[in-house]
Amino acid sequence: MTTKHEIRRGAYADSVILMKVQKGLAGLPGVDDAAVVMATPANKDVLRSTGFDLTGIDVGADDLLIVVKAADEQTAAEAIAQVDGLMKQRPSGGAAGFRPKSLRRAADMLPDASWVIVSVPGRYAAAVADEALALGKHVMLYSDNVPLADEAKLKQKARASGLLVMGPDCGTAIINGVGLGFANRVQRGRIGVVGASGTGIQAITVAVHQLGGGISQAIGTGGRDLKEAVGGITMIDGIDLLAADAETDVIVIVSKPPSPHIAQAVLNAARTAGKPVVIYFMGQFAPGQRLGNLAFAQSLQEAAALAVAPQGRDGGAEKDGNNKGYLRGLFSGGTLAYECVMMCQAVLAPLYTNVPVGTAQPLADVHASQHHTIVDMGEDVFTQGRLHPMMDGSLRLRRLQKEAADPDTAVILLDVLLGDGAQADPAAELAPAIAAITQARPDIAIGIILIGTDSDPQNSDGQIDQLEQAGAAVFRSVDGAAAMAIGQLAAVTAAASSVAPLPQTFAAINVGVETFHDSLQAQGASVIQVDWRPPAGGNDKLAAILAKMKGR
Amino acid sequence: MIDIEQANQETVTRMMAARPILKTIATARDVIPGMRDDLLLHAGPPISWENASGPLRGALVGALIFEGKAADWEAAEALLTSGAVTFEPCHAHSTVGPMAGVTSASMKVYVVENVTHGNVAYSNLNEGYGKVLRYGAYSAEVIEKLRWMNGTFADILTAALAQTDGIDIRALLAESLHMGDEGHNRNKAGSILYTAKLAPLIAQTDFSDDEKAKTLQFLGDNALSVLNPVMAGCKAMCDAGAGIAGSTIMTTMARNGTEVGIRVSGLGDQWFTGPVGQPDGLYFPGYTAADANGDIGDSTITETAGIGAFAMAAAPAIVTFISGTPELAINTTMNMYEITETEHTAFTIPALGFRGTPTGVDIRKVVELGILPQINTGIAHKEPGVGQVGAGLVLPPANMFEDALIAYAEKYL
Numbered sequence: 006m007t008t009k010h011e012i013r014r015g016a017y018a019d020s021v022i023l024m025k026v027q028k029g030l031a032g033l034p035g036v037d038d039a040a041v042v043m044a045t046p047a048n049k050d051v052l053r054s055t056g057f058d059l060t061g062i063d064v065g066a067d068d069l070l071i072v073v074k075a076a077d078e079q080t081a082a083e084a085i086a087q088v089d090g091l092m093k094q095r096p097s098g099g100a101a102g103f104r105p106k107s108l109r110r111a112a113d114m115l116p117d118a119s120w121v122i123v124s125v126p127g128r129y130a131a132a133v134a135d136e137a138l139a140l141g142k143h144v145m146l147y148s149d150n151v152p153l154a155d156e157a158k159l160k161q162k163a164r165a166s167g168l169l170v171m172g173p174d175c176g177t178a179i180i181n182g183v184g185l186g187f188a189n190r191v192q193r194g195r196i197g198v199v200g201a202s203g204t205g206i207q208a209i210t211v212a213v214h215q216l217g218g219g220i221s222q223a224i225g226t227g228g229r230d231l232k233e234a235v236g237g238i239t240m241i242d243g244i245d246l247l248a249a250d251a252e253t254d255v256i257v258i259v260s261k262p263p264s265p266h267i268a269q270a271v272l273n274a275a276r277t278a279g280k281p282v283v284i285y286f287m288g289q290f291a292p293g294q295r296l297g298n299l300a301f302a303q304s305l306q307e308a309a310a311l312a313v314a315p316q317g318r319d320g321g322a323e324k325d326g327n328n329k330g331y332l333r334g335l336f337s338g339g340t341l342a343y344e345c346v347m348m349c350q351a352v353l354a355p356l357y358t359n360v361p362v363g364t365a366q367p368l369a370d371v372h373a374s375q376h377h378t379i380v381d382m383g384e385d386v387f388t389q390g391r392l393h394p395m396m397d398g399s400l401r402l403r404r405l406q407k408e409a410a411d412p413d414t415a416v417i418l419l420d421v422l423l424g425d426g427a428q429a430d431p432a433a434e435l436a437p438a439i440a441a442i443t444q445a446r447p448d449i450a451i452g453i454i455l456i457g458t459d460s461d462p463q464n465s466d467g468q469i470d471q472l473e474q475a476g477a478a479v480f481r482s483v484d485g486a487a488a489m490a491i492g493q494l495a496a497v498t499a500a501a502s503s504v505a506p507l508p509q510t511f512a513a514i515n516v517g518v519e520t521f522h523d524s525l526q527a528q529g530a531s532v533i534q535v536d537w538r539p540p541a542g543g544n545d546k547l548a549a550i551l552a553k554m555k556g557r
Numbered sequence: 116m117i118d119i120e121q122a123n124q125e126t127v128t129r130m131m132a133a134r135p136i137l138k139t140i141a142t143a144r145d146v147i148p149g150m151r152d153d154l155l156l157h158a159g160p161p162i163s164w165e166n167a168s169g170p171l172r173g174a175l176v177g178a179l180i181f182e183g184k185a186a187d188w189e190a191a192e193a194l195l196t197s198g199a200v201t202f203e204p205c206h207a208h209s210t211v212g213p214m215a216g217v218t219s220a221s222m223k224v225y226v227v228e229n230v231t232h233g234n235v236a237y238s239n240l241n242e243g244y245g246k247v248l249r250y251g252a253y254s255a256e257v258i259e260k261l262r263w264m265n266g267t268f269a270d271i272l273t274a275a276l277a278q279t280d281g282i283d284i285r286a287l288l289a290e291s292l293h294m295g296d297e298g299h300n301r302n303k304a305g306s307i308l309y310t311a312k313l314a315p316l317i318a319q320t321d322f323s324d325d326e327k328a329k330t331l332q333f334l335g336d337n338a339l340s341v342l343n344p345v346m347a348g349c350k351a352m353c354d355a356g357a358g359i360a361g362s363t364i365m366t367t368m369a370r371n372g373t374e375v376g377i378r379v380s381g382l383g384d385q386w387f388t389g390p391v392g393q394p395d396g397l398y399f400p401g402y403t404a405a406d407a408n409g410d411i412g413d414s415t416i417t418e419t420a421g422i423g424a425f426a427m428a429a430a431p432a433i434v435t436f437i438s439g440t441p442e443l444a445i446n447t448t449m450n451m452y453e454i455t456e457t458e459h460t461a462f463t464i465p466a467l468g469f470r471g472t473p474t475g476v477d478i479r480k481v482v483e484l485g486i487l488p489q490i491n492t493g494i495a496h497k498e499p500g501v502g503q504v505g506a507g508l509v510l511p512p513a514n515m516f517e518d519a520l521i522a523y524a525e526k527y528l
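As they're listed, the protein sequences go chains G and D. When the letters of the first sequence are read in order and numbered with our numbering, they come out as residues 6 to 557. When the letters of the second sequence are read in order and numbered with our numbering, they come out as residues 116 to 528.
In short, the hints are calculated from the structure, not lab data. Ideal Cβ placement from N, Cα and C applies to all residues, glycine included. Be careful, since some hints might not be right.
Said to hold, decoys possible - Chain D side only, calculated, beta carbon under 8 Å to chain G, not exhaustive:
no.	residue
1	Asp283
2	Leu484
3	Ile486
4	Leu487
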C-alpha cells in the first residue's frame, strides 16, 4: 500500500464537487481510499483522523489537496491523473428556452446531436456546414445555391472525418425513423435507400411502405453528388454505411443519370455491399437486369418492388468475385462486342476496346490487350487480306492462346456465330484449344456466347456439347456471359469510406428554417434551434476576414 | 499562418493559471511603474481634458487638491490644461481603478502579485459610498476621508497583511461566486470574506482599539471593500494573457466616461475605442437617465477576466438593478459563452451545474455573432461630485471590436 499526494495551490473548488471527485477516485480499481479537499485545518484534522499521513506536506487553506492510498505507486499516480476529468464531469446546465446563437454553443447544449440540419441562405450554407463537420457532426444541407466547388470540398472533408454530408439541395431523408425536410411517415423496416433525388426517395419509400416493407435509413445525397466534380462521395459512403448496417437487408439507390465514371464507382461500391442492391439510374443503360447482387430497375415503382421482394430475383445476395485479374473478350461479331462493352464498362475499369463507348477507352494497339480488354476482331484492321473471323477463326485462335498465356487473364469471353455462310464446325476448332487452356490454367473462366439454332447447319446443340465438354460455359446471349464475367472479377472500390455507424437515436441541431425544428420536435426527436444570423451582421468585409482566420 | 486557436488557448490558459495574491499596500509613487508626482492615472482609454466627462474632471481636480498641488478647481484645471500635470490611463501603468479611477503619487494602492507568472497589478483603496472621489467629488469632506484612508486605515491594513503571505484573490472570488456575488457590481459576500480574513490580523496590530474598530467598521459596512483588490487581481490575470502573438482574446476593456476602449492580446498596447453607452438600469430616488454620465471605470476588468456580468448566473439578485428576472441573469451568462474562448477552471457557477464562467472574449466571435460583452455597472451622475445615481447593465459599442478585427487582419493575415 502506498500513499501519493498532489497540491494545487490556490485552486478553490466547491466541496460538493470535490466530494464527487473523491468518490470517483475511491471507486477506481486498486485504490483503497482517496481525499480531495481544500486543505483547511479542519479538513486536515479529518484526514489525519481517518488514517492519512500528512507529515511533511506543506499545504494551506487556499490549496487543493489530493491524496490517494492505493495498492502501488502507479495506480495512485493514475488515479491522481483522473482528477481533472472528474472535475469536468458536470451537466452543462442552462436556462430552459435559452436559444444559442452559434453552432458551437448548440453542440455544447445538446451533445447527443449527431446531425446538423442547415437551411440558411446558400451563400452562408457552406460555412455553417463546414463548422458542423469541424464539430464532428453529420450534415443535412437543405440549402441550395451552394457552389459546386464548396460541395466537393465539404464532402471530401466529411469523408476524411467519417461523416456524411447530405445535400446541398437535399430535400428528403429519413434517419432512424425521423423524417427530415420533406419526408413521408413510412414504417420502419430493413430497406435502406440512398437517393440523389428527394422526390425519388419519397416515391420509393412510400411504395415500399405500401408494399408492406419498411425503411431503415433513407439518405439523400443532393442532386449534384454524382457529378464528376463531386465524385458521388455521399452516395458511395451512404452505400457503405448501409452495407455495414445490421438493420439494413436490402439497399436501393436512385438517381437521375450520373456521369458514366461516377456510375461505375457507385456500382462498384454496390457490388461490394454484400447484400442485394437495387439500382435505378433513370435513363441510364442497365448492364442487364441482374448482375451478381445488383438488380436494375426501370422505374421507381419497380425499384421498390424489387427491394421488398429481393428473393423474386432468382436468388439472394451474391458477393462479387475476388479475382483481381482481367477480362479478355475476343469477338467476331461487332454488335455483340459493342453490347458486351456497354455492359462491362458500367463496372469494369479500366476497360480498353476498339469499339469504345461509355467509360471504355480506345486500345493503344488492337493486337495487344491491356487491363480489361474487349476487342472486335471483325474490324477492318483484322480482316485485311484474310477472311472474316466468322469464316476463318485462325487469327482469333492465336490471340486466344496469347491471352491464356498472360498471367493477368482471369476471364475470356468468345462469341460463336452459327448459320449459313459461317464456319462449318467452329467448335471443332475451338474446343481443343479451350481444353488445353482449362488444363493449363484452371483459374481462367471461359465463356462462350453462342448465337445459333438447332436448325442451323452446324446444329447448336452439338456445338454446345463440344464446347462445354472442353470446359467453357456457354451462354445464348451477351448479358448472361457478361454477368458471369463480371461476377468473377473483384469490384474496383474507391477509397474505402469510414463513416461510423449512425447512432441509435436521432438528435439534431437545426440552423435555419424553423419549421424543420418544429417538425422534428413533433416527431419526438431531440432538436435544438440555433438563432442564426449572417456572420458579422452581413458585413462582407468583416465576414471575409473571419473566414480567412478560419482558414477558409 | 499563425495558429489563432493555439494562441488563444495559450492566452486563456495563462489568464486562468495566474494566481493573484494581495501582498501588501504601498504608496503609488514607490511601486507603480512610471509613476511621478506630476502624473495622474485615470480609468479607461487615453483622453483629453476637453473631452473628459464631469466625474473624471472632478476626480482629477480632487486628486490635485489631495496632493496639495492645487487649492481649487481653477488652479487644478490650469495645471491639467497647461501640461504641468499630465494624466494617463491606469492600464498603461499596470493599474486599475473603479469609476474615474484617479490615482495620484501619494495615494496608497493594493499590490497584487500574480505568483504564477510574476507580474504585479495595482489598485487604489475603495472609498465606500456617498461623496467620493471616484464619482468626481472633491469637497473638503472627500479629501478628509481620503487622508484618513491613505493614512491610518492603510497603515492598519498594511500591518495586518504583513502578518500573512497574502490573501489569495482568486480563491476568495471563487468562493464569493458561490455566495451570490458576480465580482463586479455585487461584492457583498466577497467583502465579508475579505473582512473576515483581515479581522483577526487587524486585531493583532498595535493600533488603538478605536482605530481598529473604525477600520473594521469601514471594511464591514462597505459592500465594495474587496472590489479594488479584486480588480487588481483581475488585472494581474488579464495581463498574464496580454501580448500573445496571434491571439484574438480581449485583455483590456475600460471606460473613461466618454469612450470605451479595448486592447487585444495579439495587438499589443493599441487601444480600439468607441463612444460609451448609456446604462439600462435603476436610478436612486430623485434621479433619472437624464442625470447619468456615460459609462465609466476600469471595473470592466472583471468581465475581461471572466466574472462580473459574465458570471451573472451566479448572482441572480443582481437583476433587481434592471427589474429583471433570475432567468435573465442565467441567459446573460449563457450568451457570454457564445463569445468566449473557454470556461474558467477556478470560477464556477452553482446554478449552471458548476460550469466554469465564460472566460476570454474572442473578438472574432463578438464580430461574427454580433453579441457584445455584457457589462454590469454603477451609474455616475454627470456633474462632478454628485456621486452614484444608479446601477444597471450596458453594452460597449460594436465598432471597436470591428476595428480591432481589421487591425488584426492588417497585422497577421
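A quick look at each hint next to the structure:
1. Asp283: With Cβ-Cβ at 4 Å, under 8 Å, it holds.
2. Leu484: holds (5 Å)
3. Ile486: Interface hint status for D:Ile486: holds (6 Å vs cutoff 8 Å).
4. Leu487: Interface hint status for D:Leu487: violated (12 Å vs cutoff 8 Å).
The structure fails hint 4 only (numbered hints given earlier).
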